[in-house]
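Student: What follows is the residue order along each chain.
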Amino acid sequence: MTALQVRDLRKSFTMHLRGGVVLPVVENVSFAIEAGECVVLGGPSGAGKSSILKMVYGNYGVDSGSVLIDGINLVSADPRTVLTLRRDAIGYVSQFLRAVPRVSALDVVAEPLVIRGVDKAEAQAKAGELLARLNLPERLWALPPATFSGGEQQRVNIARGFITHHPILMLDEPTASLDAANRQVVVGMIAEKKAAGVAMLGIFHDEDVRTQVADRIIDVTGFAPKVAA
Amino acid sequence: MQARLLDLLRQLVGELGLAAIVVTHDLAVARLLSHRMMVMKGGRVIEAGLTDRVLDDPREPYTQLLVSSILQV
Chain A
1 MTALQVRDLR KSFTMHLRGG VVLPVVENVS FAIEAGECVV LGGPSGAGKS SILKMVYGNY
61 GVDSGSVLID GINLVSADPR TVLTLRRDAI GYVSQFLRAV PRVSALDVVA EPLVIRGVDK
121 AEAQAKAGEL LARLNLPERL WALPPATFSG GEQQRVNIAR GFITHHPILM LDEPTASLDA
181 ANRQVVVGMI AEKKAAGVAM LGIFHDEDVR TQVADRIIDV TGFAPKVAA
Chain B
1 MQARLLDLLR QLVGELGLAA IVVTHDLAVA RLLSHRMMVM KGGRVIEAGL TDRVLDDPRE
61 PYTQLLVSSI LQV
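Residue numbers (the working numbering), protein chains in the order written: chain A, 1 to 229; chain B, 1 to 73.
Bound conformation, chain A alone (with noise of 0.2 Å):
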């Protein structure tokens, strides 16, 4: 069953404030994920594989083309039923966390569940089994992440993402900040979440994760721009 499909996704920026010059960034993007399979942006820095991951999640604007999801093309839908698509169908584990400040770690983990109206005993009892199982010390569970370190953040951050069922998930190098050990109980868990049917898209500059998780590698090189310089 195809979960996510992309046609013909263009992007530019322009840039005002440079005398409105034009960034190209990728044209003719293409392609479908099915549920339970995982596919890998690759390609060199600058290629557009973060700005792709946006754009399917709705957080930079299309200059045309389509992102299907449910039968929905989320590039043209309104502002509310892109959140409602993203409460229900798409998740989006990003490389930085961004938290409110003053809430402890083990709320910012078990938020997406409330919000979807579970109770917040079960959802703290559901962060805390992924805090864990992410090895990340109780103590820190009560403390906002502001001051954790950048791998305490980034656990705290896949444990956020990875709480939801989403049929869908966006992951912006979810292990860029980890050591191996972690790294091995991040791999484990997108198995479980491709074993149960999620489909996944993903940006992993770490080879050897890279080839433990990826079903298909889609090079973004084939989407740069063709324009006259």
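In short, the hints are calculated from the structure, not lab data. Don't take every hint at face value.
To be verified - Derived CB-CB ranges, DEER-like:
hint	chain 1	residue 1	chain 2	residue 2	range
1	B	ALA20	A	PRO137	22 to 30 Å
2	A	GLY19	B	ILE46	14 to 22 Å
3	B	GLN72	A	GLN184	26 to 34 Å
4	B	ARG59	A	THR221	24 to 32 Å
5	A	GLY19	B	ALA48	36 to 44 Å
Said to hold, decoys possible - Only part of the chain A face toward chain B is listed, based on derived beta-carbon distances under 10 Å:
hint	residue
6	HIS16
7	PHE31
8	TYR60
9	VAL100
10	PRO101
11	ARG102
12	VAL103
13	HIS205
Here a beta-carbon is modelled for each residue, glycine too, at the ideal position from N, C-alpha and C.
Following the hints, complete the assembly by docking chain B onto the known chain A.
Tutor: Chain B alone, transformed into the frame defined by chain A:
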């Protein structure tokens, strides 16, 4: 104090289902609190949309100026 108010507002919106409009120059506050964002200039809404879309991919010259004038949020 600001943090407490923000906590309270988040709770009211999240738990009681209140609708809220916040007027702010603080784009970090806008990102953390709001679902949608409207940018105004000279009494008109010049750009509107999902908060993270407006902040991460601003289209209008004035919005680009606004976003580029602050530390990264």
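Student: Under 10 Å is the threshold here; is the Cβ of A/HIS16 close enough to any Cβ of chain B for the hint to stand?
Tutor: With a closest approach of 4 Å, the A/HIS16 hint holds.
Student: May I ask you to test the hint 26 to 34 Å on the CB atoms belonging to B/GLN72 and A/GLN184?
Tutor: holds (32 Å)
Student: Range first: 22 to 30 Å. Now tell me if the beta carbons of B/ALA20 and A/PRO137 are that far apart.
Tutor: Since the Cβ atoms of B/ALA20 and A/PRO137 sit about 37 Å apart, the hinted range of 22 to 30 Å is violated.
Student: Are A/GLY19 and B/ALA48 spaced within 36 to 44 Å by their CB atoms?
Tutor: 25 Å Cβ-Cβ, so the 36 to 44 Å window is violated.
Student: For the restraint on A/ARG102, tell me whether the closest CB of chain B is nearer than 10 Å.
Tutor: holds (5 Å)
Student: Is the shortest C-beta separation between A/PHE31 and chain B less than 10 Å?
Tutor: violated (21 Å)
Student: Please check whether A/VAL103 passes as an interface residue: C-beta within 10 Å of a C-beta belonging to chain B.
Tutor: holds (8 Å)
Student: That 24 to 32 Å hint for B/ARG59 and A/THR221 (C-beta), does it hold up?
Tutor: Holds - the Cβ-Cβ distance for B/ARG59 and A/THR221, about 27 Å, lies within 24 to 32 Å.
Student: Would the hint on A/VAL100 stand, with a C-beta cut-off of 10 Å toward chain B?
Tutor: holds (5 Å)
Student: For the restraint on A/HIS205, tell me whether the closest CB of chain B is nearer than 10 Å.
Tutor: violated (21 Å)
Student: Has the hinted range 14 to 22 Å been met by the Cβ atoms of A/GLY19 and B/ILE46?
Tutor: holds (20 Å)
Student: Hold the hint about A/PRO101 up to the distance rule: shortest CB distance to chain B must be less than 10 Å.
Tutor: This hint holds: A/PRO101 lies near chain B, its Cβ roughly 5 Å from the closest one there, short of 10 Å.
Going down the numbered hints, you'll see the structure goes against 1, 5, 7, 13, while the others check out.
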